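Engineer: In case you want the letters, here they are:
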Amino acid sequence: MDICKIQKLVQNHGIVFLSYSGYMSQSLITAMVESLEKEAEDNNLTIKDSHNIFTVFIELSQNIMSYSKTDKEDDDSNKPEGLIIITKDENSNYYIHSQNIVSLDDKNRINKTMDDIKSLTKDEIKKRYKELRKSGENTHTKGGGIGFYEIAKKCDGLEYEFTKLNKNKYYFYVKTTIITQKKDV
Amino acid sequence: MENLYIKEEKCTPEISLNLDGTISLVGRSYPENTLEFYKPMMEWLEKYFELPLSHKTIFNMEIIYFNSSSSKLFFDLFDLLEEYSNNNDIEINWIYDEENDNAEEAGEDFIEDFENLNINLIVKEELNCENE
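From first to last, the protein sequence lines are chains A and B. If you read the first sequence in our numbering, its first letter stands for residue 39, the second for the next number, and so on. If you read the second sequence in our numbering, its first letter stands for residue -17, the second for the next number, and so on.
Bear in mind the hints are in silico, worked out from the structure with no lab data behind them. One thing to keep in mind: the hints can contain errors.
Derived SDA-like pairs (lysine to any residue); straight-line CA-CA distance at most 25 Å [to be verified]: (1) A:Lys213 to A:Tyr61; (2) A:Lys165 to B:Lys38; (3) A:Lys86 to B:Asp83; (4) A:Lys150 to A:Glu77; (5) A:Lys165 to B:Glu44; (6) B:Lys21 to B:Glu80; (7) B:Lys106 to A:Thr84; (8) A:Lys191 to B:Asn102; (9) A:Lys110 to A:Glu128; (10) A:Lys172 to B:Glu73; (11) A:Lys160 to B:Ile93; (12) A:Lys213 to A:Glu77; (13) B:Lys21 to B:Tyr66; (14) A:Lys172 to B:Tyr(-13); (15) A:Lys165 to B:Leu99; (16) B:Lys21 to B:Leu1; (17) A:Lys168 to B:Val8; (18) B:Lys21 to A:Gln64; (19) A:Lys164 to B:Leu99; (20) A:Lys150 to A:Asn204; (21) A:Lys191 to B:Leu59; (22) B:Lys21 to A:Asn204; (23) A:Lys145 to B:Leu59; (24) B:Lys(-8) to A:Glu77; (25) B:Lys29 to A:Lys145; (26) A:Lys164 to B:Glu81; (27) A:Lys86 to B:Asn75; (28) B:Lys(-8) to A:Asn81; (29) A:Lys205 to A:Asn149; (30) A:Lys86 to A:Glu128; (31) A:Lys86 to B:Val105; (32) A:Lys165 to A:Ile85; (33) B:Lys38 to B:Ser67; (34) A:Lys164 to B:Glu97.
This one's a predicted model, so the numbers in the text were calculated from it and none came from an experiment.
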């Protein structure tokens, strides 16, 4: 794990509000979502912003749980491990970062999806999401399904990066930005 | 055939399927395995709509937020309902909090995709006593 990268992200994005590294399970995700709900309530976030944060977090952490691979070059079996960090800046904008290991095939699939997302406006992303949901393609299947379109719909910035680990495996790092509106109290 | 009730959990909604035609889904939806979680509901509905029904079936759906595989599952649910709506009187109430723009938009998307279904968007009344 690249510790420098983590330190850099803390410097750039203020407070680390939640971080988890290791084995990912549904019960952990549920517990972390509960703490996010508490955070949203304490900070008086709007329902829309809160739900955007929850949904993006759920998609990224369930991706880690369902699709992460082992680091072994010749073994493509799943290993539900990864890193998820939520930071926030002084304006209460949230950044959800995730990192896990994917195979070369996953990387190619994800790249294709991300290229598509990058070429679209927000309205077009919503439209594509509906088309894909309707067609049944890319859903309930492994890697890069409508999940990334769901994330793209709900965040204000989506960046990603692959770092080669060996011939067949890559670290897949995702950073999402959620700009929050301050609710008048 | 009997009523089916599934208790609400932190990541799954309360599901209440009643033979008198009142059906409700209330809560969050991001199960670990969406297909598996909703399988009993889908199977119940398929059996239910094969019964000779003389009453109207009303779905009250109040899903506060959900993951992408639940979104796909709800699409499949509406697809099933649309199929049965030729021979059955089905009404769907998509219920959301006034401030919950995402839920409203999700409801609008389903209306667009299922023109033959009777889907109402309903803003929830301020009766949040249980949250106080």
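Engineer: Which of the listed hints are not met by the structure?
Structural biologist: Checked against the structure, the hints that fail are numbers 2, 4, 6, 9, 14, 22, 23, 25, while the rest are satisfied.
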